[in-house]
Structure formats: C-alpha cells, structure tokens
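Given only the sequences and the hints, what does the whole structure look like? Please build it.
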Amino acid sequence: MKKKIIAVITLLACFAMVLSACGDKKSVAQEANTTDTWSTIQKRGRVIIGLDDTFVPMGFRQKDGKLVGFDIDLAKAVFKQYGIDADFQPIDWNMKETELRNRTIDLIWNGYTITPEREKQLAFSEPYLANRQVLVTKKADNITSFKDMKGKTLGVQTSSSGASLLDEHPKMLKQYIKNQSPVLYDSFNNALMDLDAKRIQGLLIDSVYANYYIQHEKDPASYRVMQGNFTGEDFAVGMRKGDKTMKHKIDAAFQKLADDGELQRINNKWFGTDKNTLVHPRK
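Sequence positions in the sequence shown follow mature numbering (1 follows the signal peptide of the UniProt record, and there is no 0) and run -21 to -1, 1 to 262.
Among the hints, erroneous ones may be present.
What the hints assert, rightly or not - DEER-style ranges, computed between Cβ atoms:
| hint | residue 1 | residue 2 | range |
| --- | --- | --- | --- |
| 1 | Thr14 | Met172 | 38 to 48 Å |
| 2 | Thr19 | Asp71 | 23 to 33 Å |
| 3 | Lys248 | Gln159 | 33 to 43 Å |
In short, the hints are calculated from the structure, not lab data.
Idealized CB from N, CA, C, for every residue including glycine.
Encoded structure:
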C-alpha cells in the first residue's frame, strides 16, 4: 500500500512539473508578444526583417545573389532615418508568424497583407501599397473568365492571400477548378514556370507580382490577367503587438517619405510612373 501511495505522489509531482513547464512556455511566448523591443533594436543598431526572397518585385535575389526589391528599398529608407541597419532574413513563409513570435525576426515585411485573422495575432503598420488577387492565364488557352477555369488546373502559393481567398470565397473560382482543389507551390516563380510549361492553366497571384513578371517576359502579350470580384488588399509591415514604439516609428517614417517624395520615387522605380499603387498616407 505504501508503495502505491508513493507511486501516486510521484506521478502527481511529474504531472505538476509538466503543467508548470507548459505554463512557463506560454508566459515566455506572451512576454515576447507584449514587450516593446525598440530600445533593444536601437542599441543593437540593426533590425531583422523576415521575408520570402523569391517574391518579385517586393524582395528577391538577382542573378548575382544581391537582394533587391520595392520592400528592400523602402525598409532601408525607413530605418535610415533612425540610424538603424536593415538586415533581411529569408524565412519559410509558412512559418512567418512563428518566426516573429519566437523573436527570430523583428518584422515581417514582404508584400504582407493585412487580414482580420492576422490582426488577431500581431500588429500592423499603416498600409503602404495596394494589391489585389488576379487570375493569370495564357491567351492560347482561351480562358477569358473565371468560369472558363472549369475542369482546369489552378496554382496558388502556399499560405498566400490568394490561397486564403480561394477558400473564403469558393463560389468565385474554387468551384470551377479541377477537383475543386488547387496545386500548391512554395513560390510564385515555380508556379509561373508551370503555367508557361502548361502544367497548370491558371494562377491566382498578387497583381504586383503578376504585372512585374509579365512586363519582363519575352512575350508579355501572351498572358491574360483577370481581376474577377476579389476585393483589394493592402500591404503593411507585421510586428509583435507589444512593439508599439516600432509601429509609431515606421508610420512616422512612411509619412516623411511620402511628404518628401521618396515613397513615390521608390514606386516609380519598381512599378513605373503609370502604375501608382501607393496607398499611404491613409485618409
């Protein structure tokens, strides 16, 4: 009997230790999400920005390996105002919120869309760029509407805004595609290569990417871009909810860049003077 009592006490003690460990982990995660880290970043002299380094034209690598893009230029311009270097850390885009929560990175900044679901987890800067999801096809396939995708294969990037919208509004496009299920890609680059190779017949993609990619193709006229009825979306910088000073500093920098014309110059560099996609400052 005594042995049984000791065994039960030991078991309860172990269970209590497990609960305590879980509580500690939860409190660490909560602290990471509520701490204002601006002073730490200032002392360090650099901010770590998480990105998908295949997202043309927001942040991507040239043939020589150099990281370039709209968001790269904008982030550098923002933190230059505070004497802080912007370090860009390529991450698994599926794990972006986890990387932020674990403090592997300080910001998510790479064509990152504001959504109600994401706003539950983190804070956003003011939006700086307008975007929308578009369906890209090859004209040779004679697809002129979403309905023409009936029985056809659609590609989307995993964990992208397009993937979310496809599920949220199945009657717009998902109901028509083959097996009512898209082919998932780890990058838009791979998806577009499959579109060109006729392995898929359509691609749901960010308009900023589609316009830039098609502009730089040998035969831009061979593509068709359709907007459908998907609502527009705004790109912004994602950060932990506790980083209130960071949000204030980034928003203030956006305003200054808008006022002195630098924001417009960056827009013109990457999108051309005829495609003004800026939405800052928000009225």
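Taking the beta carbons of Thr19 and Asp71, is their distance inside 23 to 33 Å?
Holds - the Cβ-Cβ distance for Thr19 and Asp71, about 25 Å, lies within 23 to 33 Å.
Lys248 versus Gln159 beta-carbon gap, inside 33 to 43 Å or not
holds (40 Å)
Mind checking the hinted window 38 to 48 Å against the Cβ distance between Thr14 and Met172?
holds (42 Å)
Of the numbered hints given earlier, the model fails none.
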